[in-house]
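Enquirer: Each chain is listed here by its residues.
2 protein chains.
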Amino acid sequence: MLEDKNQERTSLAELGEFGLINHLTKHFKMYHSSTVKGVGDDAAVISASDKETVITTDLLVEGVHFDLSYMPLKHLGYKAVMVNLSDVYAMNADAEQITVSIAVSNRFPLEAIEELYAGIQLACDTYKVDLVGGDTTSSTKGILISITAIGKANKEDIVYRNGAKATDLIVVSGDLGGAYLGLQVLEREKQVFQVNPQNQPDLDKYTYIIERQLKPEARKDIPKLLEELEVKPTSMIDISDGLSSEIMHICTQSKTGCKIYEDKLPLDPQVISTSEEFNMDSTMIALSGGEDYELLFTVSIDDYDKIKGNPNLTVIGHITEENEGMNLVTRANQEIELKAQGWNSFNKE
Amino acid sequence: MLEDKNQERTSLAELGEFGLINHLTKHFKMYHSSTVKGVGDDAAVISASDKETVITTDLLVEGVHFDLSYMPLKHLGYKAVMVNLSDVYAMNADAEQITVSIAVSNRFPLEAIEELYAGIQLACDTYKVDLVGGDTTSSTKGILISITAIGKANKEDIVYRNGAKATDLIVVSGDLGGAYLGLQVLEREKQVFQVNPQNQPDLDKYTYIIERQLKPEARKDIPKLLEELEVKPTSMIDISDGLSSEIMHICTQSKTGCKIYEDKLPLDPQVISTSEEFNMDSTMIALSGGEDYELLFTVSIDDYDKIKGNPNLTVIGHITEENEGMNLVTRANQEIELKAQGWNSFNKE
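Residue numbers (our numbering), protein chains in the order written: chain P, 1 to 349; chain A, 1 to 349.
Think of the hints as simulated: they come from the structure by calculation, not from any bench.
Check the hints yourself; a few may be wrong.
As the list claims (entries may be wrong) - Some but not every residue of chain A turned toward chain P, in silico, with C-beta under 8 Å: (1) 48; (2) 56; (3) 57; (4) 64; (5) 134.
All C-beta atoms in this analysis are idealised placements derived from N, C-alpha and C, irrespective of residue type, glycine included.
The task is simple: from the sequences and hints, build the whole structure.
Expert: This is the structure we're talking about:
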């Protein structure tokens, strides 16, 4: 798409850095009275508050975290915001502001960066988050996006990774493995396209898992739901690197073990059918496939009645004493030690 | 340096992302009781406060903002923090926390990243700032550093860019142009080295300006000094892109003009002598050379007695009505319109 010579193209050098920031951010709405000053000064200003501030940041690099040959820039902008908001919601906090920095090579025309920001703006509008600052610079290669999200929560509501206790139930929102399988489908179509550019792929039966990869949604609704259910998790984390890796973070920081039950893992029918098509084990995908941006948390067993049967939540196991280890209980009732096969970007090159 | 085969080298892939973050951040001290939770959860947590929060972020890209052939990694880490703290001080606020994200190609061994973090740690210790989060990922080319700084100030103390009024005095801390000329010296030495690697450069007479380039200091002392002098600036900005560009930001946002007096510009003797050596005009360098990280601010003329004679501060002109334009008054008493020749990274490639 970016190589299409008929597109209208405005060079980034024409606008310069200040012009570019103004141009890209001038139509963003501000939703929070806490945003005293947004883009346009040395720093943004956020009003004083009797709530705690949570801050998180993530960096996405072209060729490492995303491939523009199947990731439209608007989706990339949206997803980059989701990745960060997900971390705020995983603290049981609400996100209020973001800053966005991009480094982009001159091969991208202004119109491409506008697409990226259209996705960022859609995310801000959908999730009611204010863009308050950032930086825009050139890169020597490709695009890189660095986002910082700022949220608020009452001190007593914040949930860390280290509060799980033996007998606590392990709960996950939504379903698992879809984003990873969506990526496999897109990678396969890319290879088909390279061999035969005239091929028209029929992706209808993969709609859900492709959307999980290209347009994930952060679970803003879960902290709200938990408040309504009057449940405060004992620990929480978002699933960006795969269930195994995340539950191991909770157990390590809480000094506990865990048992996860294979037959309880929530899988969408498209995940099951596509796993079979790719000759992959759907349990492995649920455990190790990343980028689902669901929330994983633990609750006291006393709260079971409050969460059971909720369509958004699935109990997948329970916390154990540390010396019992971290294990998967298979359908055949065998215990297998969990391994973190989360994604390591340094192995990618 | 990075190509030295005798150095001890540990590959980043061995450690992985989690291992790397832990390894790099475990020796950082926390200075602020406001830092409730630093590195190690989905987000950092900063305690509630009756002060406003200021947030700023900057992105530094290898090959665009710095050249590792003369910028040691430790200095790079230090400078990357300074760039951000400078923006916080320019709000008349104090910096308390930073997050640091880096993207780095596998060609860098762990020991190189440790050097970078040693510089970040030195900056944190010197400026009493807490590292509370970040992200570490691989890049397909070179190093990129994205830092976000978080500061605090009383609501009534915050100084924006838009408060300057006609007759206000224009004041600058320190001296100007050194960082730019330091860069010219380093660029020249790099070219000499490429022709003759055995040449031993004598850089003694450039010590000050090279240090201004390689190890700038953010002016944490100026907000404190102003408080002691009982002066609240009417507007303030830090000088990262050159005096012209910065005073134009103040005037544009304040809807004013200005007069800057050439004979008042504070220049170090090394700036004057090195300008002559390079056949460059020292006034142009003071106006357009970036990266000095001094503070530029305006004060009411009623505050003149409080600041005059202070060795840290120089009055370089005054604010005028908007219709008088933004001008430099030369030594020959001619008025020349100021032009923003600040640095534009998109013109660099």
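Enquirer: Restraint: residue 64(A) near chain P, CB-CB cut 8 Å. Satisfied or not?
Expert: Because about 5 Å separates residue 64(A) from the closest Cβ in chain P, which is inside the 8 Å limit, the hint holds.
Enquirer: Identify whether the interface hint at residue 57(A) stands, where standing means a beta carbon of chain P within less than 8 Å of its own.
Expert: 5 Å, holds
Enquirer: When the nearest CB of chain P is found for residue 56(A), is that gap smaller than 8 Å?
Expert: 4 Å, holds
Enquirer: Can you verify the interface hint for residue 48(A): is its Cβ closer than 8 Å to any Cβ in chain P?
Expert: 5 Å, holds
Enquirer: Taking the closest Cβ pair, is residue 134(A) under 8 Å from chain P?
Expert: 6 Å, holds
The earlier numbered hints are all upheld by this structure, with none contradicted.
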